[in-house]
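These are the residues of each chain, in order.
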Amino acid sequence: MSVEKRLRSATFELTSEPLDLETVAAAVRRDADGAIVTFLGVVRDHARGRSVTHLHYEAYAAMAEHQMERIFEQLASRDSSLGVRVVHRTGTIAIGEASIAIAVASAHRVEAFDACRFLIDRIKETVPIWKKEFYEGGEVWVSERS
Amino acid sequence: MNITVRLFAGMREVAGVDRVELTDLPDKACVRDARAALVARFPGLEGHVAAAALDLEYVTDDAKLGAATELAFIPPVSGG
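Chains as they are written, first to last, in the numbering used here: chain W, 1068 to 1213; chain Y, 322 to 401.
Keep in mind the hints are simulated off the structure, nothing from the lab.
There could be a bad hint or two in this list.
What the hints assert, rightly or not - Covered by chain W, per the in silico footprint, the following chain Y stretches (three or more residues, Cβ under 8 Å): (1) 323-331; (2) 372-380; (3) 389-400.
Every residue, glycine too, gets a C-beta built ideally from N, C-alpha and C.
All chains should be built: construct the whole structure from the sequences, respecting the hints.
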């Protein structure tokens, strides 16, 4: 009988509200932790030589949640002692605002850094969320740019 | 057989709908059959690159629709 490892805590949320990194970090911290590594993805004002005015994110919510569970399982198989929270914003986002916030809490820093990097890399590969870039006089889904 | 197809991002915009009911697919239809039926309904979707997911799991075009209730086409993701 196989026993599936679970992270000590792992939550994912899609929200149309602005992200607050302190709140995300506070949600994972426990007294036994010595490190909380956080990642904030923010909207930059340029892409491929063009000025970006704002972004729009669309998600397939049910599948995003399901694929995040898969990623959490993969992380747990490496290190189940971590506490993790991921929040991704949807809808229209202005330059400088955050599109994703990740917090990983661990007893030690190395595991937390590794896990945070693992999470953002995997999310960018498999979680069904799409970004549309808006420019002066144009817009393009990033998935369809040539 | 029938299945609900979900569309997102550019495919949703081209089709003008985010949800399509495909009916009269052959018995034992696979994702490839559904993809062809979708393009027949919305010719503008020809050439759009997208993975497929059946009931929230990524699958190949050979996957049988079987008892699945929802097929989604997943353009290259760009979250984060």
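So, going through the hints one by one against the coordinates:
Counting residues of the region 323-331 of chain Y whose CB falls under 8 Å from any CB of chain W gives 4; the rule of at least 3 is met. By the rule of at least three residues with a Cβ nearer than 8 Å to a Cβ of chain W, the coverage given for the region 372-380 of chain Y holds, with 4 such residues. Under a criterion of three residues with beta carbons nearer than 8 Å to beta carbons of chain W, the stated coverage of the region 389-400 of chain Y is upheld, 7 such residues being counted.
In terms of the numbered hints stated before, the structure departs from none.
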